[in-house]
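Student: Listed below are the residues making up each chain.
2 protein chains.
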Amino acid sequence: MEEYSVIGQRIPRVDGPIKASGEAKYAADLSLPGMLHGAILRTPLPHARILQIDASRAERLPGVRAVVVGPDLGNFKYGFLPTTRDESPLALDKVRFIGEEVAAVAAIDEDTAQEALERIRVDYEELPAVFDPLEAMAEGAPRIHDHAERNVSARASMNFGDVEKGFRESDHIREDRFVTQPVLHGFLEPHAVLASYDSSGKLTIWASKQSPYFLYRNLSTALGLPLSRVRVIQPCIGGGFGGKNESFALDFAAALLSKKTGRPVKIVYSQEEVLTAGRRRHAMILELKTGVKRDGTLVASSCRNIADGGAYTSVGPLTIYLCGVFLTLPYRLPHVKYEAFRVYTNKPVCVAQRGNGIPQMRFAADCQLDMIAQDLGIDPVEIRLKNAIRSGDRTANDLAITSCGLSKCIEKVAEAAGWEEKRRQPRGTGKLLRGIGLACNSLVSGARLRGHNSSGAMVKIHEDGGVSLLTGATDSGQGAETVLAQIAAEELGVGVEDIQVSRVDSELTPVDPGSYGSRVTSIAGNAVKAAAGDARRQLAEAAAERLDALPEQIEFRNRRVYVKESPRPFDLAQDRLISPPAAEAEPKSIPMGELKERREAQTGGKLQATERGMSFKQLAQLACYAGSGKTILGRGSYAHDIEVPNWETGEGNLSAAYSFGAQAAEVEVDTETGQVRVVSTAVAHDCGRAINPMAVEGQFEGSISAGLGQALLEEFTLEEGSTLNPSLMGYHLPSAPDMPPVKTVLVETHDPVGPYGAKEAGEGTQISTVPAIVNAINHALGVWIKELPITPEKILKALEERGGQRT
Amino acid sequence: MEEYSVIGQRIPRVDGPIKASGEAKYAADLSLPGMLHGAILRTPLPHARILQIDASRAERLPGVRAVVVGPDLGNFKYGFLPTTRDESPLALDKVRFIGEEVAAVAAIDEDTAQEALERIRVDYEELPAVFDPLEAMAEGAPRIHDHAERNVSARASMNFGDVEKGFRESDHIREDRFVTQPVLHGFLEPHAVLASYDSSGKLTIWASKQSPYFLYRNLSTALGLPLSRVRVIQPCIGGGFGGKNESFALDFAAALLSKKTGRPVKIVYSQEEVLTAGRRRHAMILELKTGVKRDGTLVASSCRNIADGGAYTSVGPLTIYLCGVFLTLPYRLPHVKYEAFRVYTNKPVCVAQRGNGIPQMRFAADCQLDMIAQDLGIDPVEIRLKNAIRSGDRTANDLAITSCGLSKCIEKVAEAAGWEEKRRQPRGTGKLLRGIGLACNSLVSGARLRGHNSSGAMVKIHEDGGVSLLTGATDSGQGAETVLAQIAAEELGVGVEDIQVSRVDSELTPVDPGSYGSRVTSIAGNAVKAAAGDARRQLAEAAAERLDALPEQIEFRNRRVYVKESPRPFDLAQDRLISPPAAEAEPKSIPMGELKERREAQTGGKLQATERGMSFKQLAQLACYAGSGKTILGRGSYAHDIEVPNWETGEGNLSAAYSFGAQAAEVEVDTETGQVRVVSTAVAHDCGRAINPMAVEGQFEGSISAGLGQALLEEFTLEEGSTLNPSLMGYHLPSAPDMPPVKTVLVETHDPVGPYGAKEAGEGTQISTVPAIVNAINHALGVWIKELPITPEKILKALEERGGQRT
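Protein sequences appear in the order of chains A and B. 174 is the number of the first residue of the first sequence in the working numbering; add one for each residue after it. 174 is the number of the first residue of the second sequence in the working numbering; add one for each residue after it.
Since copy identity is lost for identical chains, a pair holds within one copy or between any two.
Heads up, simulated DSS-like pairs for lysine-lysine below, C-alpha to C-alpha not over 30 Å straight-line:
(1) Lys790 / Lys250
(2) Lys790 / Lys433
(3) Lys192 / Lys433
(4) Lys198 / Lys433
(5) Lys375 / Lys790
It should be emphasised that the hints constitute simulated quantities derived from the structure, not laboratory data.
The task is simple: from the sequences and hints, build the whole structure.
Tutor: Laid out in structure tokens, this is it:
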């Protein structure tokens, strides 16, 4: 018999049917009686003082029910850290980027709301603006926030080991400057919210959020409501990727407008609003210096990071922090120094995005590693194997590595990609040149941050054996519902189709920090495992009483519940025992001791394999319905049992588990047009035990698509802070034709803390996509392009500079 | 200090504001994108075979999306007992009463749906109908159901003691025939439902139900869905009174139409549909024979009951069962015999209604008791005190009486009503005559029935100290949310405003049988108490750790949590200790032992009153948010720990607690017009500990209003099965001007099993309203009218028959 029944199965997503059929209800699909439509007034200026807002003409427009402005929420400001709360839902005194939210209206329909916006007059005093982070840091630059000298919104500074000593001991040192662009999160469902405030002082809000409990806290503070009166209900979420963790203007505005009008208010952003004023990934300038031994052994790295944060701080401090922490992974590196400045500019705000600051650092470091390998004449695979972090290691900044399949990932991906052959073979002739590149990645499996950290889960057994799983975790599109359902199913010995996963309802579901930091499978998954285990224990008691056994003897498997010592194979499809023996007719009520004795008498002391048990459904009926039957509610909670790392120094173990992976990309470059096509990719990933290999592969493919966009395609075209390409087509989000085939190798390890040994699988792969592609382009062309995205123009320019000569 | 902080307080209803403001959302208020409107085709014939249904013309009507008929649910039938499932949601082969549901349509709007109904052609073979239960039982009557000989749908037969011996030993015997009419439940919100079925095979349904979990089971069976895929969500409920326990045609039809169309479907009944085809209270003909000793001591009663059940069985067997069981309460009565026939007629179906069968029996028995008292020249108060059941009694049918304040209720109500004086004083002169009457009542506090019996509850602590209470119980308008919130608040030492009570969502809330049988306060209340206690224990552990004490030393009160040995009064309004002592500055972290030692050193061994504690909010933050903080989920379950009574014999203890009460009514009769006006009433009720006296009084007033309607006003005018007065005005539901002032005396006992000693308060009083009024009319006029309602016509006829002479 297999170790597990449900874990490790390629199970189609439980939310697949309703999403494929279009029945899934997203926030924008919802409506309530008497509902009003809200819209947001955005400023056309990148930097200006608000002198006066006159909404009287808007208020007089028939059909307009309310207008709200920043001061309607008092001086409420929010942000990631209590010390960096510099953002108000609607602008208070100044606007700081084009598209910043200034006012909101609620009207009887969308057209009226839009017309009302045009009738709001805002008197501004224009201020000089600054768009480049280096200019913003310069003496005399316009100051965007009064408190921020030289426009520095956040700093990070880390020193591990002795970097100067490291460089002294190095045989070879390189210094390179890498530049990344801001990119879109790329969710296809723009932000949307429906808020309904009633006169009992209760706010019910349906919002598209990865972390609904953040919104619950923010609205509680902003509106002065107890948390128990802020009911955040989660509809289906059309993607997040870090872009739906936070609360935004529309959330507060809808709540406030509903409170003011006494009617439900819906606000839905357009994709254009997301593209012009929405959050994005941090652009960074990374000056990276690395020293190695002659054999390629990494000795020291120092990095200076200027991150363009846009107009507000948001989670920026965490982004530059993580960026620095992951200078030390996935390679052994004893001496590390990191200095980062997150700088305000008059542009939209940069925040967390899949990998949160880590992809930028690993793009720089993994490309530089290839440069070093080239300098030293070492194969990129070899240099990575030499430096790869291993199980039992502790990094310079104290990340404790437990399960680790990195070396195997490198070997496997090289094999899967045909590395040896492709690296050796001619790169092509004529205008089309091919190359192959490699890079590695590592990520937390749920980061330990300050504040609320634990995930809760609850399992409710229905009297027919169905199971409701209540989790505070969010499936923002990544397949979490399916994976969590599998965990509950395995624990209870039922099928995944028996589990009904509920979306968050802050009134009813247990609290969870949300879907970020790759915490859902590992942390919420452990909570679900605990809750299902708790329910199982209660069921086992009822079963034990009926079957005259001890609760710990009761086994749950394949929808059967039986006394452990006598399992017999059960045919799930047929709902019957396989080849039932003659003893089947044995009355169930015979005490175990007596049954055993009889058997022993019959068989000369040798207990035959037989089963004393019942179906899970029968047990549920018994435990939940009949006689003294009661609701079986299992509860579980989980947080990594580690200390919070030191925020000031960056030292300390950030997670109880780390994922590892390696990725190869083969590219074909048209030297006449500069077009790069990713021909194929291969991914090997140590996600511990893959709970659902199909879901894991889906995550890899999504990661590659996003990484490919960042490497080659995506770019906001801004002119004086104004977005010139505010459509998905103009912005060039990758689409199906851009996607290469993906070969996947699961390098399964058994993580000691993850549920069933599972670790992160949804973010890590994106980290190595960019450097793998950049390294492959170098392999094809012999040029290094260190500024993303690598557009045809940059290719052609680099080729021109190289003078047509291969290095 | 008071024993309790929240229990016993007159707390306004927590759902008051949204109901008063009109914001409360009832099922009819809800809508979903793409929603269709459903309507039901009802038959105009009282009894007919369906030959054919042709819906093709309806289906062709533009805007019509689907038509369903009975066979679309296969042969699905439902009802209270597995053996009495004779009803299908839409008629299958026959129709059996005018208004029975034959088909349902879903269309883009209500008008189209109505027009479609007109286009459905049903070919019937008309059958002879029977409307009177006695005629229906007669030889040769039309047979309404094939299985039911003489149209008997259910029987009950009980024998306790030796009734023949009892009659032989009696000094005086009376035989009387009492007749009750069917009455409307009188909820102001007609039945409504919104169903949404999706392609993942999940049905979400918003339905106005007292017992949403019944619907959950019925829909699961009817549609072949697992229970975990039937999500019943409860909107606000606009009254139930027993009329919203069951599933009805609209529920199944909406679900089926949604499944068929792939779109949400809403069906809302009109008040006219409720009045013509809805459920109602059983009409009964009760032939009651009672024997007493000369001193008025009750010895024996036998009763024959012919109950008019209408066209289907529904919960009728339970109604006639309870009717018989309550022949033995609230008076001592050693010998009892009961024989009941529930008879099918071609009329709308009769079911449970407030008191479920008991008010009919007690009308007969408590009026007959007055007749006997009159016969023997005993005062009605005296004869009741003589026979009143007492604590420690066991009735002939084995109902075990624990807490019992009946005698005190009789005394108190007599006093409150001015009995002595009003009974003696002249009854008036001229055309207006006054009289005063008295009657008693008793009821279960949650009946122990077969099937699912336990209530579950869950308490979730929010990190700011707010509390979500998840209960499967239903507030159908009776104020349960407030009472359950009080229980949770008391248990956690917080205010009722800190508790947010959730309405049922079968996916998320624990299972509860529903709101019937006066089980909410006593049974669901105990579950809530257990769940809150469970949460408190978890919180106490966190508090104990912080306060260096044992969890059992931790006290919760007035939003403070402190070490039990040193409570100091706390000012709730000011959120501070009252007169904080100098020791306030004592650091909180000093271990208790050390603190005690220091104090003893300072005070010469005498420990001063002080407090080591924190606010509930601080504790919640500590336990739920900070560090290893996790969701605190308390769970609780409760069922009366008694055996299910014997269904065949009616013997066995039906509840673990019984309420008792007495009621006096003073009436004024206009002997010229026959109009009766209830001048005033007084109620004394032993509901154990009144958790919320204001809510209890509200229930008394509602009970009196309903009883008054049954006694004097309400009547369906039927002609050949057709309702001639299908409006609330024509039917004459009592309204505000009909209501007398109500004097209330709470006779509080401490029930050993009820939460905080509480018992039933919502149904019992209605039982004694009718006999109190009838007895008062007799006192005024000297005539006995034994057939309800006592209309002016009946008064005038009785006066005429008496020939103007007082007896």
